[in-house]
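Novice: Spelled out, the chains give:
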Amino acid sequence: MKRMWKHRHLLAVMTARELKARYRGSVLGFLWSLANPLLLLGVYTFVFSLVFQPRVEGQSPYPVFLVCGIFPWVWVSSSLNEGTTSLTGNAGLIRRSVFPVELLPLVPVLSNLVNFLLSIPILVAALLAARALGHPVGGPAILLLPVVILAHLPFVAGTALALAALAVHFKDVRDIVSNLLTLGFFLTPILYSVAAVPYQTLRALILWNPLTPFVLAYQDVLFRGRAPEPAVWAGMALASVVAWSLGAWVFDRLSDTLIEAV
Amino acid sequence: MLPPTPTPVGQGELAVRLEHVGKTFRRVAAGYPFRTLKSALIDRSLVRDLRPEESIRALRSISLRVAKGEAVALVGGNGSGKSTLLKIMAGLLRPTTGTVEVDGRVAALIELGAGFHPEISGRENVFINGAVLGLRRAEIERRYDDIVAFAGLEDFIDEPVKNYSSGMYVRLGFSVAIHTDPEILLVDEVLAVGDEAFAHRCLRRIEEFLAGGRTLVLVSHDLGLVESLCDRAHWLDGGELRLSGRPRQVCDAYREAIAEAEGRQHKEEKEAAAASMGGPRAAAAGGAAEASTSGDGSETHGGQEEPRRWGSRAAEIVAARLCDGDGRETYHLRSGSEARFVVEVRAERPLDDFVFGIGIFTPRGIECWGTNTDLIGLRPRRLAGTATVVVRCPELLLGPGEYLVDLAIHARDGAPYDYRRRVFAFTVTARERAVGPAPGRGAGRGLYLPHNEWRFEGGVEWEEDPGEE
Numbered sequence: 066m067k068r069m070w071k072h073r074h075l076l077a078v079m080t081a082r083e084l085k086a087r088y089r090g091s092v093l094g095f096l097w098s099l100a101n102p103l104l105l106l107g108v109y110t111f112v113f114s115l116v117f118q119p120r121v122e123g124q125s126p127y128p129v130f131l132v133c134g135i136f137p138w139v140w141v142s143s144s145l146n147e148g149t150t151s152l153t154g155n156a157g158l159i160r161r162s163v164f165p166v167e168l169l170p171l172v173p174v175l176s177n178l179v180n181f182l183l184s185i186p187i188l189v190a191a192l193l194a195a196r197a198l199g200h201p202v203g204g205p206a207i208l209l210l211p212v213v214i215l216a217h218l219p220f221v222a223g224t225a226l227a228l229a230a231l232a233v234h235f236k237d238v239r240d241i242v243s244n245l246l247t248l249g250f251f252l253t254p255i256l257y258s259v260a261a262v263p264y265q266t267l268r269a270l271i272l273w274n275p276l277t278p279f280v281l282a283y284q285d286v287l288f289r290g291r292a293p294e295p296a297v298w299a300g301m302a303l304a305s306v307v308a309w310s311l312g313a314w315v316f317d318r319l320s321d322t323l324i325e326a327v
Numbered sequence: 014m015l016p017p018t019p020t021p022v023g024q025g026e027l028a029v030r031l032e033h034v035g036k037t038f039r040r041v042a043a044g045y046p047f048r049t050l051k052s053a054l055i056d057r058s059l060v061r062d063l064r065p066e067e068s069i070r071a072l073r074s075i076s077l078r079v080a081k082g083e084a085v086a087l088v089g090g091n092g093s094g095k096s097t098l099l100k101i102m103a104g105l106l107r108p109t110t111g112t113v114e115v116d117g118r119v120a121a122l123i124e125l126g127a128g129f130h131p132e133i134s135g136r137e138n139v140f141i142n143g144a145v146l147g148l149r150r151a152e153i154e155r156r157y158d159d160i161v162a163f164a165g166l167e168d169f170i171d172e173p174v175k176n177y178s179s180g181m182y183v184r185l186g187f188s189v190a191i192h193t194d195p196e197i198l199l200v201d202e203v204l205a206v207g208d209e210a211f212a213h214r215c216l217r218r219i220e221e222f223l224a225g226g227r228t229l230v231l232v233s234h235d236l237g238l239v240e241s242l243c244d245r246a247h248w249l250d251g252g253e254l255r256l257s258g259r260p261r262q263v264c265d266a267y268r269e270a271i272a273e274a275e276g277r278q279h280k281e282e283k284e285a286a287a288a289s290m291g292g293p294r295a296a297a298a299g300g301a302a303e304a305s306t307s308g309d310g311s312e313t314h315g316g317q318e319e320p321r322r323w324g325s326r327a328a329e330i331v332a333a334r335l336c337d338g339d340g341r342e343t344y345h346l347r348s349g350s351e352a353r354f355v356v357e358v359r360a361e362r363p364l365d366d367f368v369f370g371i372g373i374f375t376p377r378g379i380e381c382w383g384t385n386t387d388l389i390g391l392r393p394r395r396l397a398g399t400a401t402v403v404v405r406c407p408e409l410l411l412g413p414g415e416y417l418v419d420l421a422i423h424a425r426d427g428a429p430y431d432y433r434r435r436v437f438a439f440t441v442t443a444r445e446r447a448v449g450p451a452p453g454r455g456a457g458r459g460l461y462l463p464h465n466e467w468r469f470e471g472g473v474e475w476e477e478d479p480g481e482e
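Quick note, the sequences are listed as chains F and L, same order.
The first sequence begins at 66 in this note's numbering and counts up one residue at a time.
The second sequence begins at 14 in this note's numbering and counts up one residue at a time.
Incorrect hints may appear among the rest.
A few chain L residues that face chain F, going by a derived Cβ cut-off under 8 angstroms, partial list only [stated by the list, open to error]:
| no. | residue |
| --- | --- |
| 1 | L59 |
| 2 | A103 |
| 3 | R107 |
| 4 | E132 |
| 5 | R149 |
Under the rule of at most 30 angstroms between Cα atoms (straight-line distance), these lysine-lysine pairs were calculated in the DSBU-like manner [stated by the list, open to error]:
| no. | chain 1 | residue 1 | chain 2 | residue 2 |
| --- | --- | --- | --- | --- |
| 6 | F | K236 | L | K81 |
| 7 | F | K85 | L | K175 |
| 8 | F | K236 | L | K280 |
Simulated from the structure, these hints should not be mistaken for lab results.
Ideal Cβ positions, reconstructed from N, Cα and C, are used throughout, including at glycine.
Starting from the given sequences, assemble the full structure and let the hints guide the process.
Specialist: Below, the structure is given as structure tokens:
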């Protein structure tokens, strides 16, 4: 932790570099980071307003409900996927220089966070459009969004740290993570609300999913326009504290041996 | 449990202190990642609970100290543990046993492209590298122009580093490291990659660095550089410290050991070659059989290869060896010492026309010396049965290097009886410095080290004793 703070300049340089590298050589540059969320929003609007018309209580308009959960999810899943390979992918750097390795898993977390933040104006625009059409969505609760993101950050960062360190020892971690994330998408109430799940056990599983409170909170402050319930806050705090402590512990224990194993 | 590295030395004058440092690596081929994850989590080591056959001991209990302001070299063969030791000093690797204490800000140039990110430009790498070495952005900006100018990369600094040549990599790496003003600089054999001009600039920079009271630890195979630059040298062999001391002393001992090993190898090769020829009889028979097919009696090793032995075998070379002044067989001689080439010959039937010849060649085929009994004015009368020919050079004036010996018996008109190329090889090392009555003898470089005397007239003065210590 202390070392991370000491190297915050380096972390900033690395993150900026990562973002620049991603769009270097492309004509539209960083506008591409807006293209993907816009495209998602457009496709969902088309599919769920014109093709299917799901009539679900409290989720109308459905495309807007969807993106309120999906945008944060994209942050989580890209961060964890990229974070997992952040050490193995930079083996040369780690082996040859006295590099603060703990920064490497954090770089994709932060660069994807920037992308997430860039997509927020689109979310806001979508919410405003829905309100203009007479849907009772959004509201001043959106001011709580920074708090939710800050509460979410240690969870993503801690998980990325642990996965990155474990992936050095076991190549399988990468595949496990990408598959678990696909599964996790459906075990998180992004496409549906928890109340709509008919089976008790499945509902319990969804509620115990550490990502559920975060997604609920995003939907609360963005879509439902209300502050999250205390239980949701507690869930977020617990998930973040546990993920960060565990991640930092695993990484710390493994950091001495990473250079040899990578 | 070991204290974390690095911790302050606390004695003021030491920059690095290693106490009984050992390092064991896991053999990846041996498997067992589960067990190593457990030991990594519990013991912070990948090797704690491995069996010996699953691990490699790269270093065994090394203790050494580097004083502040000292320039220290680590020499030794490949796999002797030099780079591992340097990585441990850099804090890149953790020792399996022992303690490491480093006092001062360290910059390390480990291997090529020390810590560059291949996909991004040299410019950004300078900033990242500088930040890794603990500089703030403003500090890097201030030194940026110097860094790029020193590396000579003004035209390429915005190219991605992956497109750099290895020389450009090293130049940039060294330039960043030296400009970040470290207190301790660790350099692993990277200077050899740059061109001559850059090497000179680096050396000048390193000398300035040392003049500023900074500390250098250098891993190098360039023993000349070690001798000229460093205050101390440590010779690592098989993960152990074999010798520490003044660079000259250590490098000489190291060179000596290499030459001895080469000498042993020359002997083994010679014996193996003799064995594979199946003795002179079989060789003669082979030569005869060959004569019927290739016409000139050449004994070839197949294909286009140059023949190693040819001739009618009216007389033959049965055996040959190299001996020193005491008559001991050896294939390692010091320049300027006595050498005896001992050749056993045999003639089935008495001959009255014969010449013995010897030639010494470099591995690249340059003839250093060649002579025969005809050239020195001996007129043959009779050779019958077995005989021994000894060619004695009271002072072998060859420079340090490897040499190959050709031997021949032929008729005075040149018709070969037995011509053997590359009969054996030997290694010559420089004689011990500044000993003996004539310091000019056997010292210097090149193929030929003739006796030489220097005379000076006018305003030239020399120290009384130019020798060691």
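Novice: For every hint, state whether the structure bears it out.
Specialist: Verification of the supplied hints:
With a least beta-carbon distance of about 5 angstroms to chain F, the hint placing L59/L at the interface is held under the 8 angstroms criterion. Against a cut-off of 8 angstroms between C-beta atoms, the interface hint on A103/L holds, since the closest Cβ of chain F lies about 5 angstroms away. With a cut of 8 angstroms, the hint placing R107/L at the interface with chain F holds, because the nearest CB-to-CB distance is about 5 angstroms. Taken as an interface hint, E132/L checks out: its beta carbon lies about 6 angstroms from the nearest beta carbon of chain F, inside 8 angstroms.
With a least beta-carbon distance of about 6 angstroms to chain F, the hint placing R149/L at the interface is held under the 8 angstroms criterion. Restraint check: the Cα-Cα separation between K236/F and K81/L comes to about 43 angstroms, which exceeds 30 angstroms; the hinted pair is violated. Restraint check for K85/F and K175/L: the C-alpha separation of about 17 angstroms stays at or below 30 angstroms, so the hint holds. Straight-line distance between C-alpha atoms of K236/F and K280/L comes to about 49 angstroms, which puts the hinted pair past the 30 angstroms bound.
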